[in-house]
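> Here's the letter readout for the chains.
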Amino acid sequence: MADDARNDLLQGTLDMLVLKTLQLGPMHGWGITELLQRGSADVLQVGQGSLYPALYRLERQRFIKSSWQTTQNNRRARYYALTARGRERLATERSNWARMSRAIEMILELSSA
Amino acid sequence: MRFFDSLADAVARVRGFLGRAGRESRLTDEMRFHVDMQTEALVRGGVDTGEARRRALVAFGGRERWRDAARDEYRAQFFDRLVQDVRYGFRSLRHARIFTAASVATLALGIGATTAIFSVVDAVLLRPLPYADPNGLVMLWEHHMSQGSEHNVTGPANFLDWRDEARSFSAMAAFVGTRVTVVTPGGEPVSEQSRYASAELLPMLGVRPVVGRLYTRSEDTPAAARVAVIDYGLWQRRFGGRRDVIGTTVQIDGNDVTVVGVLPKDFAFFEPAAVWMPIRFDNADRTAGGRYLRVLARLKPGVSWEQADLEMRAIARRRAIEMPQLDADWTALASPLRQDLVGTSRTPLLVLLGAVGFLLLIACANVANLMLARAGDRRREMAVRVALGASPRRIAYQVLTESVMLAVAGAALGVAGAWAGTRLLRTMAPSQLGVAAVSGIGLDARVLVFAVCVAMATGIAFGFAPAVQSARHDPKEALSEGGRGGAGARHAGRLRAVLVVVEIALAVVLLAGAGLMVRTLSDLRRVPLGFDTRHLLTAEVVLHGRAYNNDTTAVAFFEEAERRLASLPAVRAVGAISWLPLSGNRSASSFTVVGQPAPPLGQEPVGDFRAVTPGYLGAMGIPIEEGRGIESTDRRGGGEVVVVSHTLAHTFWPNGSAVGHELRYEWDAWHVARIVGVAGDVHHDGPRTEPYMEMYLPLEQFPYTGMTFVLRTSGDPLAVAAPMRAVLREMDPTQAVASFTPMADLARASVGDTRLDTVLFGMFGIIGLVLAMIGIYGLGAYTVQQRRHEFGIRMALGAQRSAVLSMAIRRGLVLAAIGLVAGVLGALSLTHLMGTLLFGVKPNDPVTFAWVGAALAAVAALSAWVPARRATRLDPVAALRSD
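Quick note, the sequences are listed as chains A and B, same order. Sequential numbering of the first sequence, starting at 0, is according to numbering that gives the first Met the number 0. Sequential numbering of the second sequence, starting at 0, is according to numbering that gives the first Met the number 0.
Looking at chain A on its own, in the form it has when it is part of the complex (with noise of 0.2 Å):
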């Protein structure tokens, strides 16, 4: 995966951006790829190559629970949903993530005193 320019996220971060996406509700993999896409206004391009794996990880953990579901369209997709778990695991991680980059940022604005 390392060798695809666009999925140059920080292991771990898609996890938290996967369980964002699916606290707005339950999903389909493509859905989350383009919520990501648009949502970042194209910054972030997830490739398949990273998604479905981590779904299946974070399936596994039990963040997040998928069951077969037709879509408008009437076609049969795998739906994503966020469970419990995986609300209070997004919960830590956000305010993990406000940390870090806070504690980035102050680090950047260091200036020569």
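Hints listed in this document are in silico derivations from the structure and should not be mistaken for laboratory results. Note that beta-carbon positions come from the ideal geometry of N, C-alpha and C, so glycine has one too. Check the hints yourself; a few may be wrong.
Derived contacts from chain B toward chain A, CB cut-off under 8 Å, selection only [what the hints assert, rightly or not]:
id, residue
1, 29
2, 32
3, 33
4, 36
5, 37
Position chain B against the provided structure of chain A, taking the given hints into account.
Frame of chain A, contents of chain B only:
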């Protein structure tokens, strides 16, 4: 909560692994959906359909690579991690040599001993008997109610009555073992163990002959032509395994007998028997006296052995009225076949299994202790791993993998030890393990599965606590302040101390037992048996055939044989006796002293009879204490004579001389014999039994057809066997020597049970000792590791190495002393239970206890010293900096 999470995770992994087909189709479906959606989106954006699809596929990227990545997530790198952990484990165990050796040795002892004992338990108690429907087989016995064994043999009259009248059984068979002389066409006469048995016996056991057939009911009558079935061993030995053996005529005890079948190779039923022949009861047997038969019966479907037992008791009550001369005071009973094959070994075996399981538990605790000490040493290693991103669970798995690896290595060694152990048990204890001869002790698949299960359970049992502890490490704490133990650690420390005390106490008890057995064995070996066992060959000769039905011909044969054997060059002296000492056979009856008041009926003294030739006492080296021995001039015509043993003489004539007095004894009729001499005492049944009151009677006066020659030789006793066989063949080519056995072998066998007990106690003692050693060592290592910091400061401040050493060693020695005292007290209160096993040494034998105490103190000091020495070698700077 955590536990259930990992359980759910494990289930998900396994399901992912197993549900491959479902998973693959899910991947394909999801992928197709994704590409379709992408295509549609592009089409909506104005791209033409074919091009859109191509672009969607390109965007999706390498399909296979995508799939592999997804698949990996599914399969949950369980096996990859296992391989990694095992590799890592190898490396880290290789670096901790003492730890690894101590752990593996402990586990090998625990698992090996458990496996060995289990293999015996399995063979004796668990495995089904190798017969058709073995649960339906019962043995029928008689019981003489006022005296005698509960499982007494019965006689033909009762057997025939039971077979006709009992309703509980679908079949019943009688059998009796004996020795016969077999002459094959063109061969030498050879004495073989054989069995006469009803025609129903072998079919009842489900035996199928490998060649030919079994004998039938119509052949089991006195009028039928004589037939025999031979066992696999005899077939190979005497007939070279040729199939044309069927129909061959052999001579058995002078009768022509046709061989009709050969038994399978692994068939066994009670004692081995090479020749099986119909028992051929006739009408006279319906009233015959004498009891010599064992009876096997098969229960009818739906009948329990207890019901059969009740019926047998009812039949016996009727028989006691119908045949009082035979059956008054007797009852009959049924018991499951296994019970008779197992004998009395059931309870001791289960106790042994329990004891060995206890040892295994202690071994586990011990290794857990070692691992905890090592976990202390590895805090930094683990902390670094955690800091590098290893999850606590991953670290716990790693530690658990190492412990299972240790257990597997221990099991491998242990199974090798158990294999040797069972061989030892088999060669040492064939008689004590009756059923084992039938079903065979060995390391079969069941036992190996057992060992593997024990190893896995052990690995997890002793690895669990250290694994949890390692996983709990907070890297910050470990890396920065060295994490001194809190209250929990102090509690665990006390537990460890108690464990060490218990181990040492246990080792003392086991070693005391072993020491007492060793002394017993050496004392038993030192008991003078009353004769000289060196350079002495024994050779049993049982005369068969019509020629010796008459007493005088048998006596003449033995007297002539003795004369000829005496002239063999390597023979210094020769004699013969009816019931050889240490052979397990004896014959006793009541007697009275002529001229002394007769004791009340039923309380007459009991004496042992021995028919001997004139050469016997001299050849054995039994001293004549007074008067003379038996001489060739002692003939019935000149009045009967007897030489009595020292014990008999001193019981009746404690102050005067026995010579010249007369004894009355009953042997088919009443006899009176004049005492002509007193011979030294003989321990007829081995060193543990006191000498009997014995009466040596001249063979001519007390004719007997089965005599055992004793030949005092100038060299290897067995070298005389061939010349002796030649002498007998010259005299009568149809007779054979039943067995040649050096007397020294009989003497060794007579202490066989004690030797087995000694080996068992010794094994347990050594295991206990090693466990205690490792326990003290583990504790010391742990202490030193915990106090490294403190020792470092002390040495930096100038403490002497010897002072640090004594500080580091003190705790181990204190615990050892407590354990030693507790163990000695425990042993003193327990060894008296060994009473019947011991001989010549008291259960509280001070010499044994002193040795055990000294040995344990030395071992404890050494085990405590090794880790303590590490403390003195610490580099103070390194110790202080390390945590």
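> Could you run down the list of hints and mark each one as holding or not?
Now for the hints, and whether the structure bears them out:
A least Cβ separation of about 5 Å between residue 29(B) and chain A falls short of the 8 Å threshold, and the interface hint therefore holds. Hint status for residue 32(B): holds, given a least beta-carbon distance of 5 Å to chain A, under 8 Å. For residue 33(B), the shortest C-beta to C-beta distance to chain A is roughly 5 Å, which falls under 8 Å, so the interface hint holds. Hint status for residue 36(B) relative to chain A: holds, with the closest Cβ pair at about 4 Å, below 8 Å.
About 7 Å separates the beta-carbon of residue 37(B) from the nearest beta-carbon of chain A, less than 8 Å, and the hint is met.
In summary, this structure violates none of the numbered hints.
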